[in-house]
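Line by line, the protein sequences are chains Z and Y.
The numbering used here runs 9 ahead of the 1-based position in the first sequence.
The numbering used here runs 9 ahead of the 1-based position in the second sequence.
There may be inaccurate statements among the hints.
For chains that are exact copies, the list does not tell them apart, and a pair is met inside one copy or across any two.
As the list claims (entries may be wrong) - Pairs of lysine-lysine, DSS-like flavour, derived with a Cα cap of 30 Å:
hint, residue 1, residue 2
1, 88, 255
2, 21, 88
3, 59, 176
In case anyone wonders, no lab produced these hints; they're calculated from the structure.
All of these numbers come straight from a predicted model, not from anything done at the bench.
There are 2 protein chains.
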Amino acid sequence: MRLGTLEAGGTKMVLSVGNEQKELLEQESMPTEAPEKTIPAMIRWFEARKIEALGIGTFGPVDLNPASPTWGWITSTPKLAWRNTPLLPRLRDALGVPAAIDTDVNAAALAEWRLGAAKGLNSCLYVTIGTGVGAGIVAEGNLVHGLMHPELGHMLLQPRENDPSPKGFCPYHAGCLEGLAAGPAVEKRWGRKARELPEDHEAWELEADYLAQMCVTAVCAFSPEKIILGGGIMQQKHLFPLIRRKTLALLNGYIQAPAILEDIDHYIVEPGLGTRSGAMGALLLALEAVLPRK
Amino acid sequence: MRLGTLEAGGTKMVLSVGNEQKELLEQESMPTEAPEKTIPAMIRWFEARKIEALGIGTFGPVDLNPASPTWGWITSTPKLAWRNTPLLPRLRDALGVPAAIDTDVNAAALAEWRLGAAKGLNSCLYVTIGTGVGAGIVAEGNLVHGLMHPELGHMLLQPRENDPSPKGFCPYHAGCLEGLAAGPAVEKRWGRKARELPEDHEAWELEADYLAQMCVTAVCAFSPEKIILGGGIMQQKHLFPLIRRKTLALLNGYIQAPAILEDIDHYIVEPGLGTRSGAMGALLLALEAVLPRK
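Okay, chain Z solo, but in the shape it has when bound (with noise of 0.2 Å):
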């Protein structure tokens, strides 16, 4: 079976096609711009490699509800000319193909969920920190969707006193998530991109703090088996030991559970599948559309 698989983000839409094996067979990458060029280009893609279904993983905000007259519309997004577009049904209707939607990290963290990382768990959190930050959670063996879908990235922390930006950068919200922890966060505070300071500079220190803080609430909201982090600024591998330590320094031994105390090194964990679980989830929305998750 042909699988259309598509990762739609701010910047650019990745389309592949796969199969029930899943094995992604063939990728192309395309510029996002206006959904009246982009949408086409996407469809003449899919349509010369007779796709029998497709799954998106989306940028939000999206409506996911089935129930919805705008199920699969990008909605109230700030990128302007895609607010209020029919993403799933222009595709859908156009390709005469079964499919399936969900958020860009939701996507990925069914894939960890699935495949990867958290493979036979009921739960797991996968938090991509990159030029935002984005979570997708399993539980109890769903995904969580809610009132509407998590945005992870604007939790409030605890800004450091250490921390010469406090507040952060997030037009919203002082002292957020992703207004303190983001690529751009951290560019901003110390006048340099993430990728160029050293090991050493004290913004690790401070990147691991909030990212732990982050794990610790985390650990204590909704308890997750599996705590698995990616994006751009996870690039940093130091990153992960430091996360840790400052993740049981903070819950403090209050959380008597072996999976953190006895082995946190398997409890935040890097992405199982690389940087393919975008497309893997796609790929397992796509198999969704055609055979409904029981």
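Chain Z is fixed; fit chain Y onto it per the hints.
Frame of chain Z, contents of chain Y only:
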């Protein structure tokens, strides 16, 4: 059918008998003394009433993994006499009836979701703010357990500059929810019991701010369709409008959900079952012990 319910608390045990019409017929309270004394007393009470199933909502930590050899045991509680006590196995085996167990707050969340303020929804957050802060979460139609169970009281908040005790009073964590906002924290900070503080006392603005921060992080983290606030502190009904206003101010328009933006009076609410959430939850657990959830 005669269904027994137990709300196991650190200071008292509340036992009742109900039926499958979700009526509570008879209730008794006994002090929580040593297990060797209290467990036999509870067994005698339930035996005399010929219950056919038992549902337990308990203080924790408690092992909630049905596959574990210590399922239904109270584990590392600071209440030393109850540490490593096989609460469910002892009652179940002595009474010879099927039994189910969850945390007291998960039981309350279950009841509020099935019968109370979140009836008909797929998700909710139930938080009790009293001697401590506890929470139960329903996500995608399931109670969330995860690695252990939520310990929302220990999520981290932003201490406020006008707080005379900005580190709070938790022996484990600086600036966690319970340490900043539970009843004992209010009393220690202001030198008077919460219920003795007049409505115009500055304590309440600060309290509402901390609880609003909790609501904001919950919305961003796992996006519940309803937030239900109960417990002794929330008997101060004037807190509700303050918390709602501060939640909107802190979210600052970022989350474009009509349920929040346009209808927050019905988003952050009192328990629909009043003070009966816990007992009704235990009754639902007893029913599930007889008729397992599909």
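Outcome of the hint check:
1. Only between protomers do residue 88 and residue 255 lie at most 30 Å apart by alpha-carbon distance; the minimum there is 28 Å, versus 36 Å within a single protomer.
2. Proximity of residue 21 and residue 88 under a CA criterion of 30 Å is satisfied intra-copy only: 13 Å inside one chain copy versus 56 Å between copies.
3. Proximity of residue 59 and residue 176 under a CA criterion of 30 Å is satisfied in neither setting, with 50 Å inside one chain copy and 61 Å between copies.
When each numbered hint is compared with the structure, a violation occurs for hint 3 only.
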